[in-house]
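Q: One-letter residues, chain by chain:
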Amino acid sequence: MSPETAILAALAVPLAGALLIGLTGRVNANLRETCTLLTAATLIYCVWQLLPLIFAGERPGVQLLDVLPGISIAFEVEPLGMLFAAMASGLWLINSIYSIGYMRGNREKNQTRFYVMFAVSLAAVMGIAFAGNLFTLFLFYEMLTLSTYPLVSHKGDAATVRSARTYLGILISASIGLLLPAIIWTYSVAGTGDFTVGGILRGHIEGPQIGLLLGLFVFGAAKAAVMPVHRWLPAAMVAPTPVSALLHAVAVVKAGVFTIVKIIVYVFGVDFLFAAPSSDWLFFAAAFTIIAASLVALKQQNLKRLLAYSTIAQLSYVVMASAILKPLAEVGAAMHMLAHSFGKITLFFAAGAIYTASKKTELGQLRGIGRRMPITMIAFTIGALSMIGVPPTAGFVSKWYILAGAFQADNYLALATIIISTALNAAYFLPIIYLAWFEKDNTPPGQEHGEAPFAVLLALAITAALTIGLFVYSAPVYELESQLVRGQP
Amino acid sequence: MEFLGIYYYWVFVVVLMIGFYAVVAKVNLIKKLIGLSIFQSAVFLLYITMSKVSGGTAPIFNDEITGLLYSNPLPQVLILTAIVVGISTTALGLGIVVRIKEEYGTTEENEIQEIDRR
Amino acid sequence: MTAPELHLPVLQVVVPMLIAPLIVLLRPQGLAWAATTAASLLSFAIAIQLTTGVLGGHTYQYALGGWEAPFGIALEVNSLSALLLLVLTGASTAALLAGKASLDRQIEAHRQPLFFSAWLLALAGLAGILVAADAFNIFVFMEISSLASYVLVAGGPDRRALPAVFKYLIMGTIGATFYLIGVGLIYMMTGTLSLADMEIRIHEVAEQRPILVAAGFITVGLALKAAVFPLHVWLPNAYTYAPHAVTVFLAACATKVSLFVLLKFDFVVFQHNLLGHDVQFAAFLMPLAVLAILVGSAVAMFESNVKRLFAYSSVAQIGYILLGASMVSYLGLSGGLLHIFNHALSKGTLFLAVMCLSMQYANLQLEHLAGAARRMPWTMAALVVGGLSLIGVPGTAGFVSKWYLLTAALEQGALGMFLIAVIVLGSLMAVVYIWRIIEAAWFTAPAEAPPGAQQMRTEAPTLMLVVTWLAALSNIWFGLVTHVPRELATTAAANLLRHLP
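As you go down the protein sequences, you meet chains A, B and C in turn.
FYI, our numbering numbers position 205 of the first sequence as 205, with every residue one higher than the one before it.
FYI, our numbering numbers position 114 of the second sequence as 114, with every residue one higher than the one before it.
FYI, our numbering numbers position 357 of the third sequence as 357, with every residue one higher than the one before it.
Think of the hints as simulated: they come from the structure by calculation, not from any bench.
Model, not experiment: these values are computed from the prediction.
Cβ coordinates follow ideal geometry from the N, Cα and C atoms, glycine included.
It cannot be assumed that every hint is accurate.
As the list claims (entries may be wrong) - Partial chain C-side listing against chain A, Cβ under 7 Å, derived: (1) V393; (2) G395; (3) L410; (4) Q412; (5) L415; (6) G416; (7) V424; (8) S427; (9) V431; (10) T458; (11) L480.
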């Protein structure tokens, strides 16, 4: 199919799928799961077609609708968006396999609603990835917030609803209160919101206003969880684990950092921002978030919450890397988006597997669990090593590029932050690995359990393999993302 | 413009304020409506005053008689309309008061608020 | 133009006005409603035809009885009138089509002919205000529509509507009388009632005190009718206790028509002529607009009756319209006028959804609406769409007007930053009060089935639901395909600003 059709199909397919899933859900659960898997597979087909084109340097796009003069719904595919879309669509298929095992294994209610809203959320993610201007990005960004809400509040009990309220409250307040004014400000000074290589703000804005606008964008995109707008992430952990895995390790949070990186590269322009002293604060905010989140993670006893704070720290790796404002660091930021996704989704899958098999959620309960659930814990170990950044995992590759970029910019503070946070990551992940494999099993008698269901394990194995695979096959990703910075004037 | 020349306008203002005061300060609904009527009458006075031309006669046109000074007929016509509007409003208002009396048993505003609060 | 088209401006008023007394004769059940709806549809068709002509660049001028202005009664339909005529007739038709079941329940059968007759008179009166080109006819039509709306509001079964209507009557009449005093003073000084003529003649007598006093009386009088803060106190109770279909109709258009007159007078007649008056216009109305947005939204956040919550929200939205107008700039005025259209869409949808809710829930307090989404999912979904448009989420109509307002505020420099903060704060407060309704409907355990609720069918009647959903979808349609309302609003804004020096 033509590139334009592929782009529009990337949005239409998940939406049509959502409708189908909703209809078949009334008929038969197996039919419904088939629909989900088919939709995900079709989406991969549509999205991955665009990969060779982007590699070749093309930038296909399509203009849909003029909403206001100068403001339109338009799409354009570029390396960063391509990476995001390819990653999200691929992981959706794997996550769907996982969800089937998890939802059935836990006998969750309202499964049809779950799968339908998942598909709608993926459509929103595609819209964000392929957005060609700020307005389109904002439109789908808000759609993602609204469509993930039913997923977060899935359980429906009072505590969940309260946490879901925090989730929605912070995200919507930040986007309407900060991101929207930032977008309007950009449109009104630059005359356009189209993403352009080299940025659109040069010559239109100067001095402290640059720092202020950057701040509105960064804190407005609260999905990137830069402190202090990060509280929604731990609150969202009340969601079922497939939701936490795909959305809060991959789609939603990546939408946030994607927005920030995209704005730095295509709205401000890397060189323009580098020359502006008022933008320096971003680096410090990200570095602070990394350290602070890692410290909080150290104290957590609930596995998912620990993973949530680890995510906050990892996201700020991406933000900090892009705030270094040097080409290698930007590439590192993009690669880390991918590497973290693989590693974190593995970790969340493992946490969900443990819960499904044994209903255990706290660290103290995981003693000796490696012997009962070897496959799960091997995958967990791989994911944890990736977070720390140990070869041969994906995390090592991306950290390498970020460090290289820091060297390139003579940014020793970045170096120090990365080293300290690596140590902190090790400090909270290694003990879990130790007590899972080397401590005596403390499962109370009568609550013995084995491994998680097959579908769950399958998905786990695939993502763990991907985490190692990215280490081996990192070259194509580097190729793709260096196009991001080669276009710099 | 001596006071006597424009004293109609002073009367207009005084009547306007009397009516307005009654509307705002009185608690009884019918007295409020009476105040409203007075308020509107003041406006009628304003219009008719401005239509009267010194030395002018009734504005009835006659082909044979020319060179007469007529009072302005337009405000008089406007005011007829306004009077009709005023009557309708008062009638409607009184109708509402009758219904209020049927439903609440009182026509004092403070008592009605008290009943509703319960 | 063919013969009927020539008479469109006057037909817009005459059609409902002549059919109104005939409705009283229609005693058989349901016939009065049918005839009223047909008349309303016909008016809507006329409004669409007028809008098409206006969009084609034509401004309709009509002299009643062939007597030319300034001696005869002249009518004029330009883009501003067309925009509001669409809103008015559209709201009336939607409310009638959707409201049959609700009205049948709330208005006794023997009173229906009189009620519907009053509805058409209100429609005729409001349409008359929009097409009239001279000040006194505006007054006459204003009073016709007001008296008819008093009847409409008092028509329901809730006895608290009566003191509410009484207050509405008192305040409305004072407002109209102030307006009349102002017009009288202007007539005294210029000798004309035609707005176009006034613009020219006031110039010679602009510094004299009666003109300034007239401007004051007219502004305050119309502000009373338009529920501008702090003269809005009649609105919440009147909207809350009126029959639900009436609330749909009035909330969408009644106060906007008074704003129309206010803007027309201020821009056409006063701005150009009064020394430094346009500074006064902004200086006087902008703080009131800001207060309306903040106070209206704040009270709505704590209100527990759904109808009264939306009524206070309307006070805030009127503040948005005035905020745009008081910036006295092309973008600001366009945004304000566009908001008239978009607010009618969003608030209309919201009150239509409330009407659907009222078919199952006798008590519209939030605690009693717990779990409503399970019994009435379609209704609540439509309410959410209307709510999103009210908040101004992109992709909905509400976003487009908020965009214009924010862009206009950016032009205002330091003051603009404050205005942006106010607009954004208003949106965030809207998020809160819409959220409270969503939470009650979806996430609170339902109480026992409401007494008297039908067990067989839990959703609202089909026709009501269909109209509500059409309204909800039009929010999304006009949020994406924006050129028709935008063109009307921007042309109207340009026309109004042309009168400035």
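Q: Against this structure, judge whether each hint is valid.
A: Cross-check of the supplied hints:
Using the Cβ-Cβ criterion of 7 Å, the hint placing V393 (chain C) at the interface with chain A is satisfied: the shortest such distance is roughly 6 Å. Below 7 Å, beta-carbon pairs count as interface contacts, and G395 (chain C) has one with chain A at about 5 Å; its hint therefore holds. At about 5 Å, the closest approach between the beta carbon of L410 (chain C) and any beta carbon in chain A falls short of 7 Å, and the interface hint on this residue holds. The interface hint given for Q412 (chain C) is violated, since its Cβ lies 12 Å from the closest Cβ of chain A, which is over the 7 Å cut-off.
Checking L415 (chain C) against chain A: minimum C-beta separation of about 15 Å lies over 7 Å; hint violated. For G416 (chain C), the shortest C-beta to C-beta distance to chain A is roughly 10 Å, which exceeds 7 Å, and the interface hint is violated. Interface restraint check: V424 (chain C) against chain A, minimum CB-CB distance 5 Å, threshold 7 Å, status holds. The interface hint given for S427 (chain C) is met, as the beta carbon of that residue sits about 5 Å from the closest beta carbon of chain A, less than 7 Å.
Look at V431 (chain C): its Cβ gets to within about 6 Å of chain A, closer than 7 Å, so that hint holds up. This hint is violated: T458 (chain C) has a C-beta 18 Å from the nearest C-beta of chain A, more than the 7 Å allowed. Against a cut-off of 7 Å between C-beta atoms, the interface hint on L480 (chain C) holds, since the closest Cβ of chain A lies about 6 Å away.
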